[in-house]
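Student: The primary structure of each chain is shown beneath.
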Amino acid sequence: MSKAPCNPSWFHTILHSILHPLVRASARVIAYLYPDAKRWQHRFNGGVYPQYHKSLSLQHPIKETLIPKQLILPIKLSAHQKIDLKVSVGDSVQKNQLLMAASKANKHGVIVPIHAPTSGIITAIKHTPLTHPSGLDALSIILEPDGKNQSLENALNINGQPPGEPQALKTILLNAGIVGLGGAGFPTYAKIPATQGQIQTLIINGAECEPFITCDDLLMQTQAAEVIQGAIMVAHALGTPKIVCAIESNKPAAIQAISHAAQHTIVTVQEVETVYPMGGEKQLLQELTGIEIPAKTHAIDSGLLVFNVATCAAIFKAVTQGEPLTQRLVTVTGLGLKIPYNMHALIGTPFSDLTELAQPKTPINYPLIMGGPMMGFKVKTNQVPVIKTTNCILANPPEPEQLTMPCIRCGECMEACPINLLPQQLFWHSQAHEFEKVEKLNVFDCIECGCCSYVCPSRIPLVQYYRHAKSAIKEQHAEQQAVELAKQRHEFRLARIEREKQERDARLKAKKEAVKQRKANAPEKSQPSKKSSATAAARAAAAKRAAASQKATGSSNTSQPSRASAREKAIETAKKQAAAQVGSKNTTNKDPNKNSKATAAKKAAAMAAAKRRAKQNQEHTDQEASTVPSSTQAPNSESNPKAPQAPTSAEEKRKKAIEAAKKRAAERKARQTQQETH
Amino acid sequence: MLSAIVIFVGLAVVFGLLLGYAAVRFKVEGNPVAKQIDDILPQTQCGQCGYPGCKPYAEALANEEADVNLCIPGGNEVMILISEITGLEPKPLDESAAEPKPKETAFIDEDVCIGCVLCIKECPVDAIVGATKLMHTVIQSECTGCEKCVPVCPVDCIEMRPPKPSLDTWQWPEPQNRPTMEEKKHE
Amino acid sequence: MSLSPFSSSLSSPFAHSKHSIRALMLKVQLAALPALLVHIYLFGFGIVMQWLLALATLFVVEYTLLKLRKRPVLPFITDMSALITITGLVFCIPPGAPWWIIVSGTAFALIFGKHIYGGLGYNPFNPAMLGYAFLLISFPVQMTQWTLPAEVANHYITFSDAFYLIFTGVIPNVSVDIITSATPLGKLQTELSQGISAIESLAHTMPVAHDGYSSFHVIHLLFDLNSWEWLNIAFLIGGLWLLFTRSIRWQYPVGFLSSLGLMAFIFHSIDPSTYPPVDFILLSGGTMLAAFFIITDPVTSSTTPIGRFIFAFGIGVLVYTIRTWGIFPDGIAFAILLMNITVPLIDQYTQPRVYGHK
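Protein chains in written order, with our numbering: chain S, 6 to 683; chain R, 299 to 485; chain U, 549 to 906.
Hints are computed from structural coordinates only; laboratory data are not their basis. Virtual Cβ for every residue (Gly too), placed ideally from N, Cα, C. A hint or two may mislead.
What the hints assert, rightly or not - Just the calculated beta-carbon pair ranges, DEER-fashion: (1) R:Gln474 to S:Thr302: 30 to 40 Å; (2) S:Lys442 to U:Phe607: 35 to 45 Å; (3) S:Ile126 to R:Glu408: 31 to 41 Å; (4) R:Leu317 to S:Lys445: 39 to 49 Å; (5) S:Lys247 to R:Ser464: 35 to 45 Å.
Generate coordinates for the entire structure from the input sequences, incorporating the hints supplied.
Tutor: Okay, structure coming up:
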């Protein structure tokens, strides 16, 4: 509990805890005269009252589970996550069998495991489009069901005893692959605290406020006991004394079923107003407790934990039967379908298979929406699979687009915003790409509920502006970090080069002194002895450096036979390129390779007016040439790289070096032409 | 006449003292200009400005020895910021640099690489790993996209590639049907 | 609220309420209808003629400007916002003013009040009031000679009368001097400056029928209201309807009327002989028109709830100040324009507390 929760103001306390029933009743009456009064019935700011269309999919009972021709199980992962596949292509698997293992020791987030939703054969592991607004591809396991639906009993290997402490529960939840089924899909394992007694109240979220969706409603009606028992198990493990199940007032059947199941338990059922977005975690908590979760903290920090009803039911199955999460209740509905329905769909079932069952009125040549109309997203292809957070597949035929008009600052959006943000100012700055101001206006508190866009008389796609701004701000931050990193690394590199230069200067000095001494000792010595004496001096000055130079000499002698064929090929192409370059006299950007170094050096001298950058490159080359110890006359010595050398500071030195390099290069060329003729 | 002179002299003294006091009291310990410029440069260390890195360029700018339009990766945006900081006249960038380039990073074709370490020496941020006669590879997260390694490769095995789209980098596109746009632009 | 979940936008929500700018503007237009009827009843058909002239100017100006600015013409000409502007303007100018008054005023309001800033949504000043201020400064004589109510002038201005009056300046067989005079507010101000007390002055402004009994007179005797007060009440009725349909926010009329009433109450209590009573202030001039139709323009007012109240309250204070001590008879236009300037400041300091923030 890092921060104390924001306490509601005295006004709200009086208004809602003492006068709340009165306010509600009178608001309902006043609402006939003054529609805005409806908003006085609930405790959070704003909210909207869309048409719900829930009866569409409630008309029919839950349909029998469809076993499609193939299941697509995406391994949604960020670039750095390592995965641990337990199966390979061609394996036959049973229902509930582990396909990909969980991993929690991952700095890029928890990976929840994947289990086989039915028995069958793994036919491929390939990239397929994700169920995501981006439509990006991700690696997926393709499972072809055999139709037998043979399952592993107690796949999670549990003892059937409800866990008495959080860690045991967390382990089961992780192994069962349970994530928040309400929408966000955050791994439940990571959501619950590790110690007992941290949560004072567990809230079961049965406020399914999105239009069209009825899966939670039907789940509560049909599996009320599982929902309640699942929540009680969590409360038991966490040592939580109180459970509140909040259900919106437009689901009387669910309220009845849950109330019945909750008799003689610690669960209390509370009916809440039907208003969008009542089902939002923050909004529901504010409605139930009057507490605002402080910015940048989570409900857990205020001692509250919210679970969706479907999550509770999944927990119950995992804890009592050892059954992993491989299917979920999905609403398949929309104005484009004749028979909307709900189904316990297998995870991985393609959307199009499910909508075909609902008998589309017209062929579905428009994108389906995953989720409800307020917060869902359009999928890129209709063959994407059901994932754990797919609560609804919505097929609404497209309608001609409304023209976006300018913002008239009417303030409707602000009055609808449940977070009390300033949507039109956010929009203004987002449009102008003033992302710093957008961030200052707390865009990251936006829950993207869509109320502002819903009420906007100008039909401005406000939420999309905020989503774009959010991702742009994130990228800006990442870029800033990258820039900082680059700066640090560059400075480090400069420091290193400086250090190496100093070391080298010291070595050179020592070498010179050694040579001087030797000259004094024996003034007229031949070339080979000079070489050996230089090497000896270098060794005396810096053992490391000398060793490297020796190694270079040694390796160059034996290099030809030991080269890999690929490398030889590369050298061959390099030679060809070099020849071409020499021919075309075009060496400004393409650095000359080792064969044409001498030519390049000449050219560099000639093309003094050439681009500065090219010249720099050239200088580097020259320096490289000059850094080859003058004493070692070994062939191909420049192909034996050394540690990065410091640039020689004195101009004269470099000139001399260039001269030396030219000479050596000429010699080398002669030698190499000889080699080629052999 | 005399009283007017006295009054004005008095006023001058009072305001002078006030200004002097304000100058001392509210003195802004500003960033040195070079540091300010360095902070806005893209830190690719590409050397396309003719200076060995971003900091030397920033220092040259601070001493008014360099033009404001030399930072090619920064583009017009950085050029304008530089001219704002230094007070120098903004200048257009070369035509070649006027088009902003998307960020790319270097890739080494490991089948072709001969392990010459030339690129390792060239890299301003030490983002290439490898050793003599062993193939090299680029640490993608540290590559600044300066392209310095591309020309030095003797076998031309380095190429610049745009980053692969991933969920981590995916961005919601900006709405196209912006209000008060030019007539029927989105059609 | 209807749901139209089919918009082809990329991001959610895919549902939308039936709110639209057009519907909003139409409601405002509709709410001005009672006042228009009362206006016609009291002052004759001058306003209809003026309104038609303004409408014609509107179409010409909007079409030309939208074309020049390369904006789609149809959606912007049918967004009805310009209609609200001209309605506001038409109610403010004398019904018998020459035709070039309304034409130049409308053109000025639309061009310099709206298009020059980038069109709908981008203008910092209320276009109608900008147009009115322009007319008042440029043509003070024509702008302050108001047509007398029919029962006072003893002549009801028919449509053809209005036509002659507006285009030629004379009505056949009728002396124009008889049918025009200063507005009650203007008269009050003139007489106060001449040393006549407010009570005496107001006694004169009460309508006195020239020929004993007329039906108008009966009504006035019944309710003890003069024609301006009737007009204001008509605006009040339309405005209340707008409030109930949530087309305008309550902060505007409440803030404006409360501050204006408060100022009037304070000063009237201090010196009743100089300062007119509260009911006169609230029901004279364009008070109700401003309270419900002019200051409620969302584009040029503050957007935060508290900000709106402050904005309206400020206008009330300024209106009283200008009316009482300024040289213009009614200061609504100047008060609104002055408060328009302060809007960014008000917005900055009245931001609501975001959920979860202290």
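Student: Run every hint past the structure and note whether it holds.
Tutor: Results of checking the hints against the structure:
As the Cβ distance of Gln474 of chain R to Thr302 of chain S is approximately 37 Å, the hint placing it in 30 to 40 Å holds. Take Lys442 of chain S and Phe607 of chain U: their Cβ atoms lie about 39 Å apart, and the range 35 to 45 Å holds. A hinted range of 31 to 41 Å for the beta carbons of Ile126 of chain S and Glu408 of chain R is consistent with their spacing of about 35 Å. The hinted range of 39 to 49 Å is not satisfied by Leu317 of chain R and Lys445 of chain S, whose Cβ atoms lie roughly 34 Å apart.
Restraint check, Lys247 of chain S to Ser464 of chain R: a C-beta distance of roughly 42 Å satisfies the suggested window 35 to 45 Å.
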